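Colleague: Use these hints to put chain U onto chain E, whose structure you have.
Here is how the chains run, residue by residue.
2 protein chains.
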Amino acid sequence: MHLIRPVQGRPLTTSTPSLLRPTTSQAGPALTSEKYPQLKRNPSFKSLTSEDVSHFRKILSPGSVLSTLATPDAPATEAEELHAYNSDWMGKYLGQSRCILRPKTTEQVSQILQYCHAQRLAVVPQGGNTGLVGGSVPVFDEVVLSLNNMNKIRSFDPISGVLVCDAGCVLESLDNYVAEQDHIMPLDLGAKGSCHIGGNISTNAGGIRYLRYGSLHGSVLGLEVVLPDGTVLENLSTLRKDSTGYDIKQLFIGAEGTLGIVTGVSIVAPPRPKVQTVAVLGVDSYESVQKTFIAAKQNLTEIISAFEFWDRSSMNMVLAHAGTNARDPLADEYPFYVLIETSGFKKEHDDEKFSEFLEMVMEKGFVTDGVLSENASQITMFWYLRETIAEATVKTGPTYKYDVSIPVPQLYNLVLDTRQRLTDMGLYKEGSADYAVKEVTGYGHVGDSNLHLNVVAKEYSPTVSSALEPFIYEWIANHKGSISAEHGLGLMKAPYLCYSKGPSMIQTMQRFKQLMDPHGIMNPYKYLPAAEKSA
Amino acid sequence: MHLIRPVQGRPLTTSTPSLLRPTTSQAGPALTSEKYPQLKRNPSFKSLTSEDVSHFRKILSPGSVLSTLATPDAPATEAEELHAYNSDWMGKYLGQSRCILRPKTTEQVSQILQYCHAQRLAVVPQGGNTGLVGGSVPVFDEVVLSLNNMNKIRSFDPISGVLVCDAGCVLESLDNYVAEQDHIMPLDLGAKGSCHIGGNISTNAGGIRYLRYGSLHGSVLGLEVVLPDGTVLENLSTLRKDSTGYDIKQLFIGAEGTLGIVTGVSIVAPPRPKVQTVAVLGVDSYESVQKTFIAAKQNLTEIISAFEFWDRSSMNMVLAHAGTNARDPLADEYPFYVLIETSGFKKEHDDEKFSEFLEMVMEKGFVTDGVLSENASQITMFWYLRETIAEATVKTGPTYKYDVSIPVPQLYNLVLDTRQRLTDMGLYKEGSADYAVKEVTGYGHVGDSNLHLNVVAKEYSPTVSSALEPFIYEWIANHKGSISAEHGLGLMKAPYLCYSKGPSMIQTMQRFKQLMDPHGIMNPYKYLPAAEKSA
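Residue numbers (full-length UniProt numbering), protein chains in the order written: chain E, 1 to 535; chain U, 1 to 535.
Isolated chain E (complex conformation) (with noise of 0.2 angstroms):
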């Protein structure tokens, strides 16, 4: 046992690894159409005309137009110029779009859609196209409307926290932005270097801040929002308390845009921790892992921030691929590790408590063995491990993705029972390499009750595919958990919505959609399975 005591105060900033793009020199990928055959263009929907594009560039600058559809006034942009905008970043997904609109104000984002709704023009709106589930690309031939552009501060107020900007805005400017003014936006997560403010709120985005601050549910005060037909919905509330009508706003938050495109957004900071501090801890079981978490919950209370767990296959593909940077900071191997961050305001009280709550969990046998971090650039590494396995899995291999909510006791079961799925089926064996599956691994933020199940194939396949799925979806619904934690819906899981929201759920949501967006024009083919036509 080795637990170092920290002697020294450290800034607060983590530095976390971008989301790099893949290189275009990979293969590419097939098209989306292509990869999902069942899916068809929506014939009600027109073709983009060059008449079309010509409107466009009387509403924004010559500069935030691209099209591959020549107009009188403008040459054809590349088809290689609109290729970012047409893909992700895993290089899974590959839409069609001819037409890239960047505007730079909410009143052109009105107009446009307002034309869009008129032409029945599909649209989908993306921001950092980070995600993870094809929910911000297009599938056929819609217009990308890139909020790009929209990346203003529009007002902060010190005394309540409270930031009002535009959707477009980066995460992590506004972090850093916030932090010259002793404030820390409410959540973190790995793109955030890329991910837009816009785009964590129409996906409802969790991460790492989550068990600290919460939901965007509670932190988002008021959002502006262009309805689908061009109206602007004005709910830029600043204020901490409202209890006048229906709470409009909530609906956007986790919509993926499909009812509106979020433009402005107003959101409590809070005010920015300035100590932290971070262990890492080798645990014998998941069962101490859940032991660990319930003294934490007890013990550290109001200066917890982060309770995150992985397992040994996780750790060993990060330390297999993720460079120098990663080090094993414990003597021994573990089966699972836990890494507990603390964030407060006065040293010493943090050192106490930490210190005290790791002499408990150790005592009673639920840790074994534990580093705690001495200075700022171990807490960077200890970080690095947690938010470096994302990578890892990807560079071991094609990547099965699954983010999931199930209650704390069960959420390792699913990680096991895969496991044990594809060892009866002949497609895995644990430690051996000739297997149509690499590894399967969990991870994940506990205190959220929310596991990353990550499969790694040789290659992506009918064979493995058919294996995971429905079976995991099912697993989750058998389970009381949640087909999406905070990755969202997209493309990649609007056919399984069923296993997490009943007939009477989604029925509602079908009506919201159809009043909202009566052409069905927003971000179409994701989400939610179309209602079946009544009248």
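Certain hints may be false.
As the list makes no split between identical chains, a pair holds if one copy fits it or if it spans any two.
[What the hints assert, rightly or not] Straight-line alpha carbon distances no greater than 25 angstroms define the calculated DSS-like cross-link-like pairs of lysine-lysine that follow: (1) K92 x K395; (2) K35 x K458; (3) K274 x K297; (4) K429 x K401; (5) K291 x K364; (6) K395 x K35; (7) K347 x K297; (8) K274 x K346; (9) K347 x K274; (10) K274 x K291; (11) K35 x K401; (12) K364 x K346; (13) K364 x K274; (14) K480 x K152; (15) K92 x K35.
FYI, nobody ran anything at the bench for these hints, they're computed from the structure.
Being a predicted model, the structure only gives us computed values, none of them experimental.
Modeller: Chain U in isolation, oriented as in the chain E frame:
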């Protein structure tokens, strides 16, 4: 200066004065329909018949239907027995319902609404009936659906802190229940001994723990709701993270029963703090109240659980009318009082932080004098001062009550400007009892930008009413505030919604209302102006 250091541990419960209904010996108030002659009964609603009552008697057990209409199988109930359901605790509103239904199950609620929907019978859902804006009592002859009999705890998970219960559970009972397992309800308010959790959710209640635990939009995980046509919306998730489709439940938080009836609730209870400390501070100006707030936010960040203030006028009324339990804890009189509460888990740490904070704010001159609780009874006494203000104003005279949100820097200006206006109009003179208005007083939750403005009159009169309204609502609109921070709209504020929400928002609300409740049977005449019929 006499700061007392705390010397012993103390339990966390602070007993709060109960909101007692006024005795019926007072002269009965006029019918709401007489006080608001502009309200007309909607002729499309059916008038209750004894056949309807017979039908309800088939759905419910005999004792669960109170009706002044006799049926072949049961005699009429005395009108007196319906009084408590037809009137509010302040005696401001009086309805004329002839039928009270008290279902015990969600299935019964569903059957009732299915029938009312088909028959066009208007319905008022009623929880603890502790509201302040006339939202929970009928205006004309609406059927009252009381949730009194739905008061069972369904489950509690001590690992996640998730409580699932019937909507009719009393808030204080729930808090006592989770306290046994070391958890705390994320909200607390003066009416906790009577109010229902379903009513809290339907009115988006705030209260004194809001600063610490935030909005119900964040802490409610799921709701079971019976829609106006009787459909049961099953959305009783117990997961902290779930990003599968529109977050429909959010619409019912604060909808005041106009979109359906909340019958079941899933809510996160945080770990219950083990130690609590309360200080009452004497402050010379509202400017200094603000400075004290900012200092508290920065120095007590993770342990602060309440930051309340009240003015001298409030203190005077409390000392005059709140009995011998109310004693001024400070030697001198101050224009403003601040109450700060911290809740934490390690007494030495909290004490040290609180002491350092108090030394700092006194050294800087923000605070002139103060006392720190040294035992549980002092905590109770300090809170008693703050929590009896509402009662004390009502005992002083008929009170016009406004619950509003205003950005912190302008918060108290509303009190000053209202005093000035009433003075200019010859309706008020500070310190004199010879005018129509006796007191204009302000108190509330500074930490949440939430002011309670109370205007105590000699009697309710059109002169005073018209001096106050729409003046106050216009003032709020000009200062980008909200006309209802935490009390909702009900009957009282429905006409003034346009001072807080713009046309696009109100129109969207009306579209949702029309979609969910096409016959408008749910809690009519309140909340939202009826949409103008265009088709």
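Colleague: Check each numbered hint from earlier against the structure, then list the numbers of those it violates in ascending order.
Modeller: none
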